[in-house]
Amino acid sequence: MTWSSNEARVALAERLRHDHPEWEADEPVLVGGGLEFFVFRVQSARQGPLAIKVPRAPVFINDNDPRVVARDLLEQESALISRAARGGIPVPRLVALELGREPLDYIVLEYVEHDGGEPTPLALGELVRRLHSLPEMPSRPLVAQQGRPLAELLAERIHRRARVVERLAGVRLALPGPEWLADALHGSERPRAVLHMDVRPANVLARGGQVLALLDWSNALVGDPALELARIAEYGLAGPEFLAAYHGLAPVPPPPARLEWLYRIDTAVMLAVVFLSEQPDAEKARPQVARVVELCGRLEGMR
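Position in the sequence shown (first residue = 1) + 318 = our numbering.
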């Protein structure tokens with residue numbers, strides 16, 4: 319079943335009256351969301367303003383990810399928010415995680431008041447540096463990792479998503495097979511950290527350019543921090559100020575060039591599939607497909 323925003327709002331209101339009557343919450347109001355979740359705001363006489371994430375469906379199936387269970391993402395969100403808070407990363411306060419009762423699951427977070435602006439590049443770079451510096455590893459497997467080594471995971475999803483781009487955009491990509499990709503992605507020994515993998519303005523609440531809260535941990539992985547930096551670069555956010563704040567007094571060694579291009583291709587094909595299939599947008603799809611073709615061409619020149 320896939321919820322409309324109104325169906326989810328009505329079901330959430332019913333659940334709140336049953337689960338937390340002591341909150342004295344008013345009616346949920348839709349304030350945002352993405353491909354997988356709606357976000358509602360409620361005002362509680364006891365808890366203050368709250369943000370509640372509700373999945374659009376129990377299971378997500380799309381051209382980027384064949385099958386993701388919404389409940390797993392909510393459990394992961396709860397665990398990684400708690401971990402980030404312990405490490406001093408600005409995140410919303412976790413209020414409740416409600417799973418296993420009909421008709422829907424949901425997570426309740428503190429509603430963070432913000433000005434709708436973007437963080438400065440310096441503030442964003444500092445946030446990501448602090449995130450990658452946290453020593454504590456997750457206590458449970460991450461959903462996007464699928465229990466696999468990073469090289470194997472990236473090789474499979476790059477190859478699979480590239481085939482989707484070829485099919486939907488009518489292009490031919492100069493991309494080798496998954497076995498070659500996996501060998502290349504093993505690369506050299508690289509540092510490991512928990513990666514957020516979706517650091518962009520929509521997921522970073524700010525006021526006056528300063529970071530207030532990092533949101534949405536659905537794409538998190540354990541792996542090479544350079545993978546996250548490549549994603550942020552493909553988002554167009556890794557300018558000189560960001561990199562200066564990220565590297566600080568201890569610059570992180572860059573990955574080998576071939577690894578860098580593969581990391582960038584991982585993001586480029588994901589975005590192309592979004593614009594071709596999940597949120598079709600021809601104006602955004604054309605340059606994104608061209609970027610995939612360009613990156614694959616650069617990789618081919620290094621083989």
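Some clues are possibly wrong.
Unchecked claim - DEER-style ranges, computed between Cβ atoms:
no.: 1; residue 1: GLU470; residue 2: PRO558; range: 27 to 37 Å
no.: 2; residue 1: GLY615; residue 2: GLY366; range: 49 to 59 Å
no.: 3; residue 1: VAL328; residue 2: PRO558; range: 13 to 23 Å
no.: 4; residue 1: SER400; residue 2: GLN463; range: 11 to 21 Å
no.: 5; residue 1: GLY351; residue 2: PRO571; range: 17 to 27 Å
In short, the hints are calculated from the structure, not lab data.
All C-beta atoms, glycine included, are put in the ideal place defined by N, C-alpha and C.
> Checking against the hints above, which ones are violated?
Replying inline: Violated hints: 3 and 5; rest satisfied.
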